[in-house]
Amino acid sequence: MPKLPYAIANFLTIREENYLYVDRTAYIRQIEELSGRNLLFVRPRRFGKSLWLNVLNRYYDVALADRFDELFGDLEIGRNPTPLHNRYFVMTWNFSRIDPRGTVDDIANRINETLNSVIKTFSNYYQKYLSDRVTIQPQAINSLEHILIAVAKTPYKLYLLIDEYDNFANEVMASDERTYKGLVQKEGPLKTLYKGLKEFTETSVLDRLFITGVSPVVMSDITSGANIFTNIYLDAGFNALCGFTEQEVRRMAEAAVQTCKLEPSATDDVVQMMATWYNGFLFSERGMERLYNPTLVFYFLNYFIRTCQYPRQMLDSNLAADEGKLEYLGQIVTGRQAVIDALQTDEPLVIDALSERFTLSAMLARLSQDTTFLASYLYYFGMLTIAGTDAQRRVHLVPPNLVMKKLYAEQILKFLLPLGTERNEAAAAVDKLIVEQQLPPLLAFVEQKLFPIFSNRDYRWMNEFTVKMAFTTLLFNDINYAIFSEPEFSRGYADLCLLLRPDARPYKLFDLLFEFKYVAPDVLSMSGEQVRNMAEHELLQKTPVKNAFKEARTQLMRYIRVLQDRLGGQLKLKTYLVVSIGFDRLFGEEVR
Numbered sequence: 001m002p003k004l005p006y007a008i009a010n011f012l013t014i015r016e017e018n019y020l021y022v023d024r025t026a027y028i029r030q031i032e033e034l035s036g037r038n039l040l041f042v043r044p045r046r047f048g049k050s051l052w053l054n055v056l057n058r059y060y061d062v063a064l065a066d067r068f069d070e071l072f073g074d075l076e077i078g079r080n081p082t083p084l085h086n087r088y089f090v091m092t093w094n095f096s097r098i099d100p101r102g103t104v105d106d107i108a109n110r111i112n113e114t115l116n117s118v119i120k121t122f123s124n125y126y127q128k129y130l131s132d133r134v135t136i137q138p139q140a141i142n143s144l145e146h147i148l149i150a151v152a153k154t155p156y157k158l159y160l161l162i163d164e165y166d167n168f169a170n171e172v173m174a175s176d177e178r179t180y181k182g183l184v185q186k187e188g189p190l191k192t193l194y195k196g197l198k199e200f201t202e203t204s205v206l207d208r209l210f211i212t213g214v215s216p217v218v219m220s221d222i223t224s225g226a227n228i229f230t231n232i233y234l235d236a237g238f239n240a241l242c243g244f245t246e247q248e249v250r251r252m253a254e255a256a257v258q259t260c261k262l263e264p265s266a267t268d269d270v271v272q273m274m275a276t277w278y279n280g281f282l283f284s285e286r287g288m289e290r291l292y293n294p295t296l297v298f299y300f301l302n303y304f305i306r307t308c309q310y311p312r313q314m315l316d317s318n319l320a321a322d323e324g325k326l327e328y329l330g331q332i333v334t335g336r337q338a339v340i341d342a343l344q345t346d347e348p349l350v351i352d353a354l355s356e357r358f359t360l361s362a363m364l365a366r367l368s369q370d371t372t373f374l375a376s377y378l379y380y381f382g383m384l385t386i387a388g389t390d391a392q393r394r395v396h397l398v399p400p401n402l403v404m405k406k407l408y409a410e411q412i413l414k415f416l417l418p419l420g421t422e423r424n425e426a427a428a429a430v431d432k433l434i435v436e437q438q439l440p441p442l443l444a445f446v447e448q449k450l451f452p453i454f455s456n457r458d459y460r461w462m463n464e465f466t467v468k469m470a471f472t473t474l475l476f477n478d479i480n481y482a483i484f485s486e487p488e489f490s491r492g493y494a495d496l497c498l499l500l501r502p503d504a505r506p507y508k509l510f511d512l513l514f515e516f517k518y519v520a521p522d523v524l525s526m527s528g529e530q531v532r533n534m535a536e537h538e539l540l541q542k543t544p545v546k547n548a549f550k551e552a553r554t555q556l557m558r559y560i561r562v563l564q565d566r567l568g569g570q571l572k573l574k575t576y577l578v579v580s581i582g583f584d585r586l587f588g589e590e591v592r
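In this text, residue positions in the sequence shown follow the UniProt record's numbering: the first is 1, and each later residue adds one.
There's no promise every hint is true.
Claimed, not checked - With a Cα cut of at most 20 Å, we get these calculated SDA-like pairs of lysine to any residue:
1) Lys-508 x Lys-574
2) Lys-120 x Lys-153
3) Lys-128 x Ser-117
4) Lys-546 x Val-562
5) Lys-574 x Leu-439
6) Lys-181 x Phe-358
7) Lys-186 x Ser-220
8) Lys-546 x Ala-520
9) Lys-546 x Val-531
10) Lys-574 x Asp-511
11) Lys-574 x Glu-551
12) Lys-195 x Gln-137
13) Lys-3 x Asn-302
14) Lys-157 x Leu-84
15) Lys-120 x Arg-110
16) Lys-195 x Leu-39
17) Lys-120 x Leu-130
18) Lys-191 x Leu-360
19) Lys-157 x Asn-124
20) Lys-153 x Asn-142
By construction, these hints were calculated from the structure, which means they are not laboratory data. Since this is a predicted model, take the numbers as computed values, not measurements.
Modelling step: build the complete structure from the supplied sequences, incorporating the hints.
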């Protein structure tokens, strides 16, 4: 099969060295047909935005006209090109190159140095087309003006591409709010830069702009009152501009399975593995197809092609940096609550609509009042995705897949157990369950270490949902398990199910199934202190507690039969019920 372009965003390299290219060039025509010429397109990190800009660069570059058939001939746009192909000077600014550390002046200097370097390279690249010698100015926006003066004397115009426009600004936002405000407000360097771009778009020389980033927050801050951009990132027509569809992933999986000389039936297992962990993104309420993160797909398949095995870690370390966004939100009580709820209830986060434009100050001001901005922030960074809309046209948001749920679980674990020694103690209790099938150490840890935290009224804890969340967080292990919270069984939902990955089944490990029940102390006509002080055998004789055990056993027996029917002889199941009395006592047992 063709080589997979993991972390390669250079279209020339992909075409010249026979890497796989999943054709998105049909969108070029679609973009040209829009009335807006200055476009903003945002997607989560590592979703293929840089490659898309590079495709645009090569398509419109006047200097590559003699290579058009070589680069695009077998692609959709090559078979039916637009009149504008190879009719522009193209310049690309990549803001991910800018170091976010230091003062506003430090960052401003680096912005000017970086952009001036690009402008100098541009003037050398197009030297034979430009009659004027371009003079580099201290301020990059002034250097760009000199470029435009030179371009105006040619038959062509300028297409400016800005990649990761908010990259360094997002880093500053998360670490130093004061410096961030200095960048985007008043006469800050970013605001000044975009004011200049707005002025230049009013001429006929800077003809088109295409800007990519992760969220609209920075753009809202720097262009408030002077916005020139058309937002296309929520349009159904551009839902699949970046990312892979199920059909595309299946074709790649088929080729990988053939490379490994495996039976064709193995394709279904490979696709199911990737679907469980990587699928689920939807970027428009009217979008027709859910998408896979392309970086994760290439990470998985490259490993699979090399070894003919699944990778041990399903989360590519290049995406682990997304956890920093959850840490940033975790500094705010409302943000931490949203992270908790995403894993605690398995219910969608419901908002009236995604915010297309909102500033940092507005987001922080609104955090204590509603979740719309917060949910939108999580959506843009890929932590939530669109599940659908309801009868009132409200938008439902959920974590897109298990990779993102893993990030939530890791972040919640840090909320609950900030000390490394505490997390080590938790891991030891989990090992007792996984390796030795001993449940009591884990019950004792949750009761002694986590229940006191759940008694904290700063957060909204939800009875049995909270206990389930604690176990989900502690047990999340992508090396051996796919973890499902409330998987649907016949006429009911099991609370927590950990199914072994196919490559973990030969080992001395078990599938795990849990059912959780919560008995409020007031149902027993007792206070929390009385519950804590009562002997275990006495509590277990209380009728509501006995009923909770009985109900859990009955439900688990039904779920066991369903799992046996689904997985047959490969099922290696250990089943547990857990009963919480308030956040004071915790009991459990294995159900055989």
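* Which earlier hints turn out false for this structure, listed by number in ascending order? -> 4
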